[in-house]
Structures are given as C-alpha cells and as structure tokens.
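On the provided structure of chain A, position chain B as indicated by the hints.
Now for the letters of each chain:
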Amino acid sequence: MRSRTFQRTEFYLLLVIIVFSTVLTIINPSFLTVENLFDLVKSSSGMAILAMGVFVVLLSGGIDVSFTAVAIAGQYIAVNTLIATGIDNLLLAFAVSCAVGMALGAINAVFISVLNLPTLITTLGTLSLFHGALLEFVGTKSINTGGLPNCFKTFSSLNILSFTRADGTTYGLSVFVLFFIAVVLISWVILRFSVLGRGIYAIGGNFTAAKRSGLNIHLIQFFIYMYVGFLAGIMGVMHLSLIRYSNPNYIVGTELSVIAAVVIGGARITGGTGSIIGTILGVVMIVILEKNLVLIGLSSYWQQFFIGLIIIVGVSVTYIQNRIRSGRSALTAAGT
Amino acid sequence: MSDYYLEAKNISKTYVGVQALSDVSLSIRSGEVHCLVGENGSGKSTLIKVIGGVVQPDSGRIVIRGREYQRLQAIDAIREGIEIIYQDLSLYPNLNVAENIAFNQTIESNSRVVNWKNVRLIAQKALEELGESLDLTERVENLSMSQKQIVAICRAHTQDCKLLVMDEPTSALTREEVDHLFSIVEKLRKTGVAVLFVSHKLSEVFEIAENVTILRDGRKVGEFKASELDNDTLIYHMTGQKIRYTPYEYDPQGSQPPALEVRNLSKAGQFQDISFKLAAGEILGITGLVGSGRTELALAIFGLNKPDSGTILIDGKEVQIRSPQEATRYGIGYLPEDRLNQGLFESQSIGDNIIVTIITRLLNKLGIIDRTSKSNAIGKWISDLKIKTPTSEASASSLSGGNQQRVVLAKWLATDPKIFILDGPTIGIDIGSKRNIHQIIRDLASRGIAIVIISDEIPEVLRNCNRVLIMMSGRIVKEYEEVSEVDEKDVVAVFSHDQPRGAVK
Numbered sequence: 001m002r003s004r005t006f007q008r009t010e011f012y013l014l015l016v017i018i019v020f021s022t023v024l025t026i027i028n029p030s031f032l033t034v035e036n037l038f039d040l041v042k043s044s045s046g047m048a049i050l051a052m053g054v055f056v057v058l059l060s061g062g063i064d065v066s067f068t069a070v071a072i073a074g075q076y077i078a079v080n081t082l083i084a085t086g087i088d089n090l091l092l093a094f095a096v097s098c099a100v101g102m103a104l105g106a107i108n109a110v111f112i113s114v115l116n117l118p119t120l121i122t123t124l125g126t127l128s129l130f131h132g133a134l135l136e137f138v139g140t141k142s143i144n145t146g147g148l149p150n151c152f153k154t155f156s157s158l159n160i161l162s163f164t165r166a167d168g169t170t171y172g173l174s175v176f177v178l179f180f181i182a183v184v185l186i187s188w189v190i191l192r193f194s195v196l197g198r199g200i201y202a203i204g205g206n207f208t209a210a211k212r213s214g215l216n217i218h219l220i221q222f223f224i225y226m227y228v229g230f231l232a233g234i235m236g237v238m239h240l241s242l243i244r245y246s247n248p249n250y251i252v253g254t255e256l257s258v259i260a261a262v263v264i265g266g267a268r269i270t271g272g273t274g275s276i277i278g279t280i281l282g283v284v285m286i287v288i289l290e291k292n293l294v295l296i297g298l299s300s301y302w303q304q305f306f307i308g309l310i311i312i313v314g315v316s317v318t319y320i321q322n323r324i325r326s327g328r329s330a331l332t333a334a335g336t
Numbered sequence: 001m002s003d004y005y006l007e008a009k010n011i012s013k014t015y016v017g018v019q020a021l022s023d024v025s026l027s028i029r030s031g032e033v034h035c036l037v038g039e040n041g042s043g044k045s046t047l048i049k050v051i052g053g054v055v056q057p058d059s060g061r062i063v064i065r066g067r068e069y070q071r072l073q074a075i076d077a078i079r080e081g082i083e084i085i086y087q088d089l090s091l092y093p094n095l096n097v098a099e100n101i102a103f104n105q106t107i108e109s110n111s112r113v114v115n116w117k118n119v120r121l122i123a124q125k126a127l128e129e130l131g132e133s134l135d136l137t138e139r140v141e142n143l144s145m146s147q148k149q150i151v152a153i154c155r156a157h158t159q160d161c162k163l164l165v166m167d168e169p170t171s172a173l174t175r176e177e178v179d180h181l182f183s184i185v186e187k188l189r190k191t192g193v194a195v196l197f198v199s200h201k202l203s204e205v206f207e208i209a210e211n212v213t214i215l216r217d218g219r220k221v222g223e224f225k226a227s228e229l230d231n232d233t234l235i236y237h238m239t240g241q242k243i244r245y246t247p248y249e250y251d252p253q254g255s256q257p258p259a260l261e262v263r264n265l266s267k268a269g270q271f272q273d274i275s276f277k278l279a280a281g282e283i284l285g286i287t288g289l290v291g292s293g294r295t296e297l298a299l300a301i302f303g304l305n306k307p308d309s310g311t312i313l314i315d316g317k318e319v320q321i322r323s324p325q326e327a328t329r330y331g332i333g334y335l336p337e338d339r340l341n342q343g344l345f346e347s348q349s350i351g352d353n354i355i356v357t358i359i360t361r362l363l364n365k366l367g368i369i370d371r372t373s374k375s376n377a378i379g380k381w382i383s384d385l386k387i388k389t390p391t392s393e394a395s396a397s398s399l400s401g402g403n404q405q406r407v408v409l410a411k412w413l414a415t416d417p418k419i420f421i422l423d424g425p426t427i428g429i430d431i432g433s434k435r436n437i438h439q440i441i442r443d444l445a446s447r448g449i450a451i452v453i454i455s456d457e458i459p460e461v462l463r464n465c466n467r468v469l470i471m472m473s474g475r476i477v478k479e480y481e482e483v484s485e486v487d488e489k490d491v492v493a494v495f496s497h498d499q500p501r502g503a504v505k
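Here the protein sequences come in this chain order: A and B. Numbered per the working numbering, the first sequence spans residues 1 to 336. Numbered per the working numbering, the second sequence spans residues 1 to 505.
Accuracy of the hints is not assured; some may be wrong.
[Claimed, not checked] Here are some chain B residues pointing at chain A (derived, C-beta under 7 Å):
{"hint": "1", "residue": "Y92"}
{"hint": "2", "residue": "N104"}
{"hint": "3", "residue": "R112"}
{"hint": "4", "residue": "V113"}
For the record, the hints were derived by calculation from the structure and aren't laboratory data. Because the structure is a prediction, the values reported are computed rather than measured. Glycine is no exception: its CB is placed at the ideal position from the N, C-alpha and C atoms.
Just chain A, same shape as in the assembly (with noise of 0.2 Å):
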C-alpha cells in the first residue's frame, strides 16, 4: 500500500510538472532548452538538499523551520573564516559551514529531545535566536564579489559537462548537481538500509512504540537535527558560490518554500510517511513555479500566495485523508 499511495502522490505531481513545463515551453520556447535546465538544476540544488533534511524531520513527526537561519550563520561564519585566516580553500569552507550547522543542530535537539519541548515552536524560537545571534556577533556587512575567496568562484564555475555555443561561449551542468545526487543517495541509504533510519521511521510512526521498543530515541533525534544542521551547512556554501555574494540577511525567509516542497512531494506533516522522490519532485515543482511565474503573466507576489496555499492544501489532504481513514475504522468498530 505504501508504493501505492506514492506513486499516486508522485504520479500526479509529475502530470502536474509536466503539464506546466509545456505550458511554460508554449509561451516561452526557451525554457525547455538543456542551457536554462542545467541552470535551473543549478541554481535548485541547494533548495533541494535543504529540503532532504526537511524530509528527514518530517518523516519523524517533527518540523523545523531554523534550518535557513542555520544555513546562513554556517556561509557567514564559513567566508569570514576563510577571510580572517587568508586560507582560500573550499573544503575548509563546508566544513566550517557543516560544523557550524551541526552545532546549531544539537542546541536544538536539545531543548526537542531532552527537554521534550513542541518541535515547531522550538525552531521558529532558534530560527530567530541563530538569526539574531548571527547579526549581533559576528557581523551584518555584506561580502561582496570583490571580497570573496576565490575558492567559492571556481567551485561556481565548475561544470561537470560543457557544450559549446553557437557564439563560441561555453555552458554546462555544474558540480552542484554531485552535491545534490550525493545528499538524495546518502539520505536514501539511511532512511531505507540503517536501524538509525528506520527508528526515524518508527519515531514518527508511534513514538510510543519506539520508546517501548529500547530505540535510542535520543540519539535518532539528535542525528535528525544534527543532519538537518549539515545540509544546511552544504547548502549555505553551495547558495554562496551561486550567488557570489554573501549577505547575512538572506536565505532566511525561505523557509516555507522548502516545507511546501516537502508537503506537495507527499510528506505528511504528522510524522512517519513521505518518500525521497516524491521530496525531489515537490522541490522541481516549487522551483519551476517560483521561476515562471513571471512568463505566465502573474506578478512575482503570486509566489507567496502559491507556497501557502500547498502548504494549506498538502495538510489538509492529509487530515481529510486521516479523517477518512478514522471515520471508516469507528464505522467497522460501529459494524458496517
């Protein structure tokens, strides 16, 4: 039943997808060309991986809405790093980026998993504490391309595969894409293949259950966090490089755009069903309308307006589905 119910969530989403790319290739030629998808693979990847952690805590019957303010604090703290210390070396950069992230992680799992406190509540407090942490120690100057290591820029321009253009110019899929395939495989691998990864499923399914079980809920949680953490802290480097810039002040506020990723893609909000494709496919779709919506005529405010309603539409089919699913079992109790 489990592949069942997916495959329907992900079969429509893609009919959807491909409904609106032909749309979209109708009005504007151009964007069904390899030169903008290899582009916007690009400039998605990082959302995507973002979204991977999302998954991960959704699958566990929790949310966590400070992963942006992670990301950030992990790109801000990982350029001025390199800066201060003049080494221009991009491994340095992730793994201060990552560290960073997973530290953030574990502050909070630990008001999440020792103090017991309410996930969404916890992380939109963190989310504001990073945050403002962030801007009152370590800085709220913008980096600009000029000031940037070049570590970040060549990491940019790194394609895995070029072509030519007509005009002699070269384009490519970037390195990007690697990063992204190594998260979704790494994911998969845990989620589906570790003990680790099926308790997350089991947490999310009946924590109860788990408990009674002799599962380590502590350290599953605190990996749960901890992993969101350190894709954050990938995706911080990653946004950086893209963008060539480095603002504290951004990434937060998109936090919503990855939860509506994850809840279209078939993740439910309660905890302890969702899947890996239908995550990536929920991120395609975001990202195809946040791009395009402009090439259909809406104005860009329309964006807003979309993410809210899949989050409102993804968790209500959820509770109608839940609903549905009660409301027959107290009929079969009641004897029909």
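Positioned in the frame of chain A, the structure of chain B alone reads:
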C-alpha cells in the same frame, strides 16, 4: 515449586500514598493460560508492569525459571522471554507488516544495517508458525484491529516468547475475531508458552483460562481453577458484593401514542425495514452482533445518519430529524458507543462537560452564563448520579470509566430527554459501576422516559429491558415481548441461525 515459569512473590507497590498492590503473588506454569481479572483500579496494570520489569515493586521478588530477581529490569524480562502486548499494541501504522513483526528483533540484533531479506523471513516464519497469513507488504494502518493484533502477537513470537502477557486484548474485537484470537493463544500454549490474559469479560475468562487470579483493591482475593468458578462467584470475588438482577417491570400507562415509533426505516447496506414502537417508561433492548446495523439505526434516529426511506414518529406525529440539534429539540438524547471520542471533552472540567448541552438555558439577560444556575445544575447532576469527584472543576479525564460514563449520562439527562438512546452504556466499565449505571437507567424509565439500550452483551439487555429486539444483518429477526423467561442461550441460538453475514443488499 520450580515447575513454575514465573513466580511473583508478595509484591507490594505504593504510588504517592496509594497502595496499588499489597502482598500479591502470582504463579504461572509454561503451557498454562492464566487469567488476571479485577475491576478498574484493582492493580492489574501495575502487576503486569512489575512482571515486565517496567515498574519496580517496593517489596517482593520475581522468580523466573527458578532464578530470583530482586530488581527485575525491563531488559531482564525481555531476555527471559516475557513479552507484553499492551492494549494499544505498540505497532507502527506507517510501516508494513513484515517490518512491524521483525522490528524488535532488528533492534536487538544490535546491527546498524537492516537486512530486508531477513526481515521478510522472520515475519514469514512467525506468521507460518502461528498458522496465519497476512500480506507482508501491507501497511499496518490499513489492517483491521484483529489483524493488527496478529501482527503484535507475531512480533512477540519472534522474540522467543516464553510468557505472553496480553492486556485486555479482546476489547475491540468481534466475536469471531475473539474466537480466532483464542485459537492462536491455544496454539501458543501448546508449544509451551505461558499466557497471562487480562480481561474484563467474564465469559472469556471461563472459555480460555485454566487458572484465574482475582485482584480487588490491590489485594489478591485468591487463585482459582476456572472450572471451580461460576459467574456469580467470580463477580462476588471481584466486587466483594453479591449482585442479583431482577428484571425490569414495565407498567403500561393508559393509551397514549408511543413516545417513539419507527416505520419501515431503511438505509442501503446498513439496516432494512426497521419498525418498532417505544412507549414512555419502557426500556427497549436492541442487541445483535457487531455488524447488525444497530448503531447505524440509532444514529439515524438521532439525525446523524440520513435513512433512505421510512418514517419516524414522535408522540404519534411524523417528524424529520436531520441533525442532532433537531433530535434534541424533539426530546431525544443519545449516549454514544464511543464515549471518549464522541461524548466527553476529556480535558475540560466535569462541570463544563455536564452543562455543555444546556448552555443556552443558563444564559442571563446579557447573554452571559449565569454562575449560580450553572453551579446549581452541575451540583444537582453530580449528586443525582453520585459522580465521585472532589470537585466539579477537575478535568473529566481524571475520572474512572464508570464516573466518566455518568458525566456523559448527566450531560444528556440535563437536556431533559423524553427518549433516551444508550449505545453500549457500560462498555469498558467495571462490574460495580455497571450495576449503578443500570440502576440509574431503570430509575429514569420509571420516571417516564422512554429508553433504548443498545448492547452486544446479551445479559445486559435481558436483565434491564422489558422488551428486546434482535437485529441481524440490518434486520429485526426476533422480538421478545417478555424477557423474564428468556435465557441467554436462546438468544445465542438465534444468532447461530444467522444467514451468512452481509446479507443486506
């Protein structure tokens, strides 16, 4: 006596000033089905938790296969093969059957990696050994209650279970499913597993158990051979009082039109051609197996389930009841089967629960609730129905099952109904409270309220109603005008002449 698998000796446990268990001993042999019975609050759950090592007793010892434990920990209990299936079954609704069955074993293997082939093998083996078949890839949330129970038993079985403790396993099952469960229990017993079966339902105790331990108020009343007990003595030991039922006598008053009359009420797939009359002061019983359409019928009368055809008459006048609000206006009260979900706001105070149905009557001229009339109304019902609580401000969830049921009763009685439909009025309530509720119902009827009791407990309708209808597959198949001579066996005989289920088309 080392042939016992488990001996719990002189167990005592106090929770913040409340003596939950006092010097209780319990012994079970391998291959024995042992029933643990007692009313709510008698200490059954505490004893189970002590056996599972989840709760540490203040004094007493646990001996498992001759090995003595001063402080039995949960992990010791599991290692010794003690598996507890709690009432909620502890399954993962989002995972499939195979993974649910193999879950605990996967965790205990201390491996970091899930071997899916192994998971399927473990599940398949457990199902085969119990002679069951389930789709291993089906998600547990899509299973029926009894299938879920099979999954839970299989999971216990994979743990090399030597003592299976089942806490009220039959409360959500139909009769056929209970029989099925018993056959699995029997199978396990034959392989040498000891089964400790906690139950409320007396008939089951006699059916399945070899020995019965009875608890009352945290003390052990005694251990009996099931064959030495009968219903009355068991009830006596559980409640400490002799309970004798006298049939309800209905005294017809003049020749008024019936308070409620139903003519040819039908709804496809639920009930067909239902007709009956109910006079003020009567208690009409409707019984039938789960699936007979009795609850659907009640919901139809209460405006929650629109019938396809047929008419309802109140005091001889035809009425259309389209919503519970209209039903209430016609003087119909309905006590739902599922009191916790449909009848009670658990987190709200007892008082607020009682007045919720009559809140508009308590408003003063400004449209604000009048405090005096509110507290008068609450006080009246708490004392009338003898609801045991220190204060009406306490939340409804703090009450025992019997007292909760009284709150729901009070809530509907406050509306001053002329017709009162009670669906499963004593489900999940212990025997002592049951009797009190029955007495309340009789008092109401003798004050002139027309009452319908819907119940699948045949003795409940036979002992409390003056007339009984039997429903099967959506139809009324039998009516007893006079119940005092009817025996439970007669009713069961009617059931067994049933056509195959689902005859309603």
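Exercise. Output the numbers, in ascending order, of every earlier hint that fails for this structure.
Key: The structure conflicts with no hint, since it agrees with every one listed earlier.
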